[in-house]
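> Could you build the full structure based on these sequences and the hints that come with them?
All you need for this note's numbering is the position in the first sequence, starting with 1, plus 1.
By construction, these hints were calculated from the structure, which means they are not laboratory data. Note that CB positions come from ideal geometry on N, CA and C, so glycine has one too. Please note that the accuracy of each hint is not assured.
Unchecked claim - Taking CB as the label site, the calculated pair distances span:
1) G125 / A200: 40 to 48 Å
2) T49 / E152: 25 to 33 Å
3) D126 / V27: 20 to 28 Å
4) S68 / I224: 30 to 38 Å
5) C37 / S68: 15 to 23 Å
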Amino acid sequence: MPELPEVETVRRGLSRSVVGRTVEAVRVRRCDNILCETEPHQLAEVLTGRSIEWVGRRGKNLILQMSGGPVLLVNLGMTGQLYTLAEGEEPLEHTHVILELSGGVRLVYRDTRRFGHLELICDGDLDACMSLRNVGVDARSRSFTARRLAELLAGRTALLKSALLNQSLVAGLGNIYVCEAMHRARIGPEARCNELAEAQIEALHRAIVAVLDEAIKAEGTTISDYVTGAGVPGSFQRRLRGYGREGLTCRRRGCGGVIRRIVQSNRSTFYCPKCQGG
DNA sequence: CGATACACCTGTGTGC
DNA sequence: TGCACACAGGTGTATC
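Given below as structure tokens:
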């Protein structure tokens with residue numbers, strides 16, 4: 002579910018609602034998706050009494066910096082949620098951890114399919130932690146340029162789509178935004194990394210930056226599970242041009258093509274056969 | 001090392 | 001109504 006725009010939206014929301022608050026209690030309902038140097042129950046021991054100093058992001062990973070050094074990293078996987086409960090609101094099924102914060106704020110971590118995980122990094126050393134070991138250049142960092150993208154793709158024979166989904170190259174894109182960026186850049190689904198012209202890579206880079214930016218402004222894409230840090234859906238699903246639109250008319254002005262769905266490496270790819278190369 | 005297949009988990013929607 | 005199957009935003013691991 003959550004790709005870069007969704008994770009960034011959660012980061013921004015939590016920056017407003019939980020930064021500066023102190024962890025008063027930690028309720029762990031289910032701990033088999035908590036990575037920790039020692040034991041999952043260490044979560045309460047380490048976090049209780051510390052305040053949340055800031056919330057950061059690397060690719061699709063959220064970083065909660067705690068006072069005194071430790072970091073709580075959150076990867077939401079497909080169905081993960083990290084949001085604050087409204088007053089009187091009860092946690093739903095599949096809520097695995099609740100942080101009770103000062104001021105009566107409750108931050109919950111929920112994940113139906115449990116593809117996500119928490120990682121407690123006691124010494125705060127992000128460069129050595131498990132979750133970030135294979136995270137490449139963030140798609141919204143300054144160093145993600147067209148030139149950098151070209152270097153990352155050079156010499157690869159894989160499908161472009163597979164490379165863009167590979168977090169160790171560019172971090173932050175998932176199935177939705179890869180489909181959207183390739184549609185915007187008019188690159189067909191069968192394109193391979195090593196057969197792109199320079200101008201196509203530049204167009205792809207512009208498309209990636211633009212679609213992520215627009216999606217963040219819309220607070221992300223909600224298909225079924227994703228919610229912002231405040232627990233509400235995003236709205237970018239209304240502006241998708243390819244993803245999830247099989248059989249519908251292409252949204253490119255004057256195109257009139259019909260969006261198709263194919264399966265590539267076991268995942269759906271949506272594209273317009275008329276305005277995207279193939 | 002690079003590319004691909006698959007497993008991990010739960011819920012929902014479809015067709016018989 | 002019951003059941004089988006396809007499918008879903010991600011990613012680590014095994015295999016060639």
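> All hints, please: hold or fail.
Checked hints:
1. G125 / A200: 40 to 48 Å: For G125 and A200 the Cβ distance comes to about 43 Å; the hint holds.
2. T49 / E152: 25 to 33 Å: Hint violated: Cβ distance 45 Å, outside 25 to 33 Å.
3. D126 / V27: 20 to 28 Å: Because 22 Å falls inside the window, the suggested range holds.
4. S68 / I224: 30 to 38 Å: The hint (30 to 38 Å, Cβ to Cβ) holds, given that S68 and I224 are roughly 36 Å apart.
5. C37 / S68: 15 to 23 Å: holds (19 Å)
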